[in-house]
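The lines below spell out each chain.
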Amino acid sequence: MDFSVLLQDIPTLLVVILGVPALLVGYIVGAEFLVRRLPDKNRPQVRPWIWVGPALAMVAAILFIPAIATFIQSFQDNHGNFVGFQNYQTQLSGFPSSGAWIAIRNSIIIWLVIYMILVLTFGLTMAVLFDRIQYETVVKSLIFMPMAISSVASGVIWKFMYWYQPVGANQTGTLNAVVTFFHHDPVAWLQDQWPGGLAILNNLALITVATWGLTGFSMVILSAALKGIPGDLLEAARVDGAGEITIFRRVIFPLMMPTVVVVGTTLVIFAIKVFDVPYVMTNGNFNTDVLALRMYNLLYLSHNNAAAAAVAIVLLIAVVPVLIFNLRQFRAVEARR
Amino acid sequence: MASVTYDHVVKRYTADVTVVKDFNVEIKDKEFMVLVGPSGCGKSTALRMLAGLEAITEGQIRIGDRVVNNVAAKDRDIAMVFQSYALYPHMSVYDNMAFPLQMAHMPKTEIDKRVKNASRILGLDNFLKRKPRALSGGQRQRVALGRAIVRSPKVFLLDEPLSNLDAKLRGQTRIELQKLHRDLETTFIYVTHDQVEAMTMGDRIAIMNAGILQQVGTPGDIYDHPANLFVAGFIGSPTMNFVPVTTSDSTAKASGFDVKLPKSVPAGKATLGFRPETLTDRIGDQHNAIDMSVDVVERLGSDQFLYGQVGSDSVTARVDPKMKVEPGDKVRLGLDTRSLHLFDAETELAQF
Chain A
1 MDFSVLLQDI
11 PTLLVVILGV
21 PALLVGYIVG
31 AEFLVRRLPD
41 KNRPQVRPWI
51 WVGPALAMVA
61 AILFIPAIAT
71 FIQSFQDNHG
81 NFVGFQNYQT
91 QLSGFPSSGA
101 WIAIRNSIII
111 WLVIYMILVL
121 TFGLTMAVLF
131 DRIQYETVVK
141 SLIFMPMAIS
151 SVASGVIWKF
161 MYWYQPVGAN
171 QTGTLNAVVT
181 FFHHDPVAWL
191 QDQWPGGLAI
201 LNNLALITVA
211 TWGLTGFSMV
221 ILSAALKGIP
231 GDLLEAARVD
241 GAGEITIFRR
251 VIFPLMMPTV
261 VVVGTTLVIF
271 AIKVFDVPYV
281 MTNGNFNTDV
291 LALRMYNLLY
301 LSHNNAAAAA
311 VAIVLLIAVV
321 PVLIFNLRQF
331 RAVEARR
Chain B
1 MASVTYDHVV
11 KRYTADVTVV
21 KDFNVEIKDK
31 EFMVLVGPSG
41 CGKSTALRML
51 AGLEAITEGQ
61 IRIGDRVVNN
71 VAAKDRDIAM
81 VFQSYALYPH
91 MSVYDNMAFP
101 LQMAHMPKTE
111 IDKRVKNASR
121 ILGLDNFLKR
131 KPRALSGGQR
141 QRVALGRAIV
151 RSPKVFLLDE
161 PLSNLDAKLR
171 GQTRIELQKL
181 HRDLETTFIY
191 VTHDQVEAMT
201 MGDRIAIMNA
211 GILQQVGTPG
221 DIYDHPANLF
231 VAGFIGSPTM
241 NFVPVTTSDS
251 TAKASGFDVK
261 LPKSVPAGKA
271 TLGFRPETLT
281 DRIGDQHNAI
291 DMSVDVVERL
301 GSDQFLYGQV
311 GSDSVTARVD
321 PKMKVEPGDK
331 VRLGLDTRSL
341 HLFDAETELA
351 QF
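Chains as they are written, first to last, in our numbering: chain A, 1 to 337; chain B, 1 to 352.
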């Protein structure tokens, strides 16, 4: 890379490298100086705000203010005129098959439910099964490995897995090679809207990719929760006359439940926000659109800022309750420790 | 209710790590047997093999007449109290106690009756709805006991159940456990490293060291006739005095004194053992006078222990608490020759 551009503008570089820390130090020293002049009883109330201040300012600048701006924009047309709920109306009209409805259905029903259930089930099963095997760390590392691959890359990898050639041609896609080996016609995994145009199959194909990517994550967290259960509890249950399945159902699972809920809600948030896998693999075609992808396409392809803002707000409204629940649950788990 | 037999039991983890070696004990029905020994001596492993939590490498364990080597823990009909209590944190006290009964598919009414009964015995009536988290250490310990007694098991296993309690509560619970044993009329096997618990609670005591059973007997028997140097040193507090001596006929010669032995022994080197309470400030017909230079004086109110030197050997004496002694004093004490022990210098076995 050519860094000469940077060198041409050394003053700016200096300002950034020295100026920002200097500004922060100046802020802290100045603020502390002011705080010390406050009466004793007010100091403890003010001081925390001084220290959180910079972080709060950053959050406000890059999160809250844009969110509010988006919210306002969602009630305006693309020229800044107030239009009330018209953007939402456009997006939400044509129930159930046009407008944003396909994206809403895919994001908030299919992705949310199936993705969460799949990742949780696989994660939990693997955490339990691999807990007592000999090469536990090796196996777990293998399963965790897809986490190191970016979603875009895993989308590309899985595109090869799903690759479709017409009947009769050599099937280069792994899955279709298997399918035709059993004398079944090849399946167009990403285009096939089985059953009957409901587009469950191709959405499921996309969800599988995301599941593959994240199962390791849920396995690792659930496995940590599993390891946190004291061994003598299980021994006590065994002596008390419980079989291994009963022990899992009555002792292990209830004790892992808080963690399962935290992982589950985190997955719900991931599911609602999903973008990369559909973007790489189908770009939302064949009824595989999701909210985040729709927002992106409206914004960058259609240049319809107002409509994109409305979709963004729908997405936000869907995520926020889960987020709050997740935070509460997380705090409850922490409090139990 | 059943007897328990350990028949040549061995526990080996790898070829050269053997934690229990040729363990043979027969525990009678309704007996309170205490397995005691220093930590790492294999006593817990012996108990866990009986519970079915560890595999038995060699030998047989029988509960009653039934060989249980290959019986799963859940089918052995035993109850166990763990050192950590191992209460299910997500269940209420009631559910904790009801759990083993539910596992036995007992009818709800019967479960209720038994749990209520056990909680009454243990004074847990007011805590049945609470979670273990909301209980004190002593209460948790009683819930663990309750979970064990509701089942009326054949054998009751206790793995250091008192070690997490404070000293006062430990004393109380010791007495409660003995009462419980009397009331339940069940075989108790109790593992501890605390010789006081062993002495006070056991009908019989089995002492282990380094995986090997040293001696089995009643507390009195073991205290008065320890089989070897290890048992003699492990039981009793403060520990028995050991003094190297040279024997010839029926006299033993130590660095600071001579003592007449009750019977003649072959000439040679040996270890003379006598408990602190046999070295006192009384000097009678049966006593041998010994001069001791005192290093440390411990006054406990009811007792007074003197730690000091006799010749070149360290010795502890137990004297009348009213006797005035200061560190540095030289005192003349009497050694009761009726309760001497002599241990072979090489085999460490007691000769008497």
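What the hints contain is simulated information worked out from the structure, not anything from laboratory work.
Heads up, the beta-carbon is just placed ideally off N, CA and C, and yes, glycines get one too.
Keep in mind that the hints are not guaranteed to be accurate.
Only some residues are given here: those of chain A computed to face chain B with a beta carbon under 10 angstroms [said to hold, decoys possible]: (1) Lys41; (2) Ala177; (3) Thr180; (4) Gly196; (5) Ala224; (6) Leu226; (7) Lys227; (8) Pro230; (9) Leu233; (10) Leu234; (11) Pro254; (12) Gly264.
Ranges between beta-carbon positions, derived for each pair [claimed, not checked]: (13) B:Gln102 to A:Ala335: 28 to 34 angstroms; (14) B:Lys168 to A:Ile28: 49 to 55 angstroms; (15) B:Lys168 to A:Met257: 36 to 42 angstroms.
Verification of the hints:
This hint is violated: A:Lys41 has a C-beta 37 angstroms from the nearest C-beta of chain B, more than the 10 angstroms allowed. Checking A:Ala177 against chain B: minimum C-beta separation of about 46 angstroms lies over 10 angstroms; hint violated. Here the hint on A:Thr180 is broken, as its CB sits about 48 angstroms from the closest CB of chain B, past 10 angstroms. Proximity of A:Gly196 to chain B is violated relative to the hint, the smallest CB-CB distance being about 45 angstroms (cut-off 10 angstroms).
At its closest, the beta carbon of A:Ala224 sits 17 angstroms from a beta carbon of chain B; the interface hint therefore is violated under the 10 angstroms criterion. A least Cβ separation of about 15 angstroms between A:Leu226 and chain B goes past the 10 angstroms threshold, and the interface hint is therefore violated. Of the supplied interface hints, the one on A:Lys227 is violated, with its beta-carbon coming no nearer than about 16 angstroms to a beta-carbon of chain B, more than 10 angstroms. The criterion of a C-beta within 10 angstroms of any C-beta in chain B is met by A:Pro230, whose closest approach is roughly 7 angstroms, and the hint holds.
Because the closest C-beta pair between A:Leu233 and chain B is about 5 angstroms apart, less than 10 angstroms, the hint holds. At its closest, the beta carbon of A:Leu234 sits 9 angstroms from a beta carbon of chain B; the interface hint therefore holds under the 10 angstroms criterion. Because the smallest distance between the Cβ of A:Pro254 and any Cβ of chain B comes to about 5 angstroms, under 10 angstroms, the interface hint for this residue holds. Among the interface hints, the one on A:Gly264 is violated; its C-beta lies about 18 angstroms from the nearest C-beta in chain B, farther than the 10 angstroms criterion.
In this structure, B:Gln102 and A:Ala335 meet the distance hint of 28 to 34 angstroms, their C-beta atoms being roughly 29 angstroms apart. Evaluation of the 49 to 55 angstroms hint for B:Lys168 and A:Ile28 yields a pass: the beta carbon distance comes to about 53 angstroms. Taken as a hint, the range 36 to 42 angstroms holds for the pair B:Lys168 and A:Met257, whose Cβ atoms sit roughly 38 angstroms apart.
The structure fails to meet hints 1, 2, 3, 4, 5, 6, 7, 12 from the earlier list, while all remaining hints are met.
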